[in-house]
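Construct all of the structure, not just a fragment, from the sequences and the given hints.
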Amino acid sequence: MTQRDADPQRSAEYPETAPVTQTEWFQQRAGAAFRAGQAALAGGDQRAARASLERACRLAPEDDAAALALALLQLQQGQTGPAVASLAAITGRVDVREAWLALAAGRLAQQQPQLAAAALAAALSGHVLPADGMMAPLADAIAAAAEAPGWCGLDGHGRLVVSRGAAPEILLDGVPVAWTVRL
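Residue numbering for the sequence shown follows the numbering used here, beginning at 2 and increasing consecutively.
There could be a bad hint or two in this list.
Said to hold, decoys possible - The following label-pair restraints were derived from C-beta to C-beta distances:
{"hint": "1", "residue 1": "146", "residue 2": "78", "range": "35 to 45 Å"}
{"hint": "2", "residue 1": "25", "residue 2": "174", "range": "44 to 54 Å"}
{"hint": "3", "residue 1": "169", "residue 2": "33", "range": "39 to 49 Å"}
{"hint": "4", "residue 1": "21", "residue 2": "93", "range": "22 to 32 Å"}
{"hint": "5", "residue 1": "32", "residue 2": "179", "range": "49 to 59 Å"}
FYI, nobody ran anything at the bench for these hints, they're computed from the structure.
Owing to the predicted nature of the structure, the values given are computational and were not obtained by experimental measurement.
We put the beta carbon where it would ideally sit given N, CA and C, even for glycine.
Put into structure tokens, the structure is as follows:
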């Protein structure tokens, strides 16, 4: 019989668990903080969400999901500097459409239209367009600020979506392809 077994209250307070490594311990706490942050966001409590997401990032600095969630919250709160720095680091490690689009929005907010256009190009060239259509106003604003003729991307059905007024030259293996507009 162990000391823990002798004290029923202590046994209930500290149930037997398998030993964990220090890394596992930090990962568990970071995961709990991330889940708390997501729950706070869902409940509309940005202050609690931020505190929890910052804790998750401190406990697991390599966790890109927590860093992305915190950066998106920072963008919503108008803190573009830290958000853009995090998003630039995230997109340097992983290729996630939402991170690229958020980076594009942050760069546009920082009055850096060419960098915003580069982030938008990475999102459009490597990913399908979001199904909700919410990206088009951002892409239009970036194209206008960068003095670009427009933007284009593929939707989830493989169809080319072109911004109004844009006239892209479409090449297939370097050969121009004829195309028509369907509304």
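* To do: Sort out which numbered hints this structure fails and list those numbers smallest first.
  => Violated hint (a single one): 1; every other hint is consistent with the structure.
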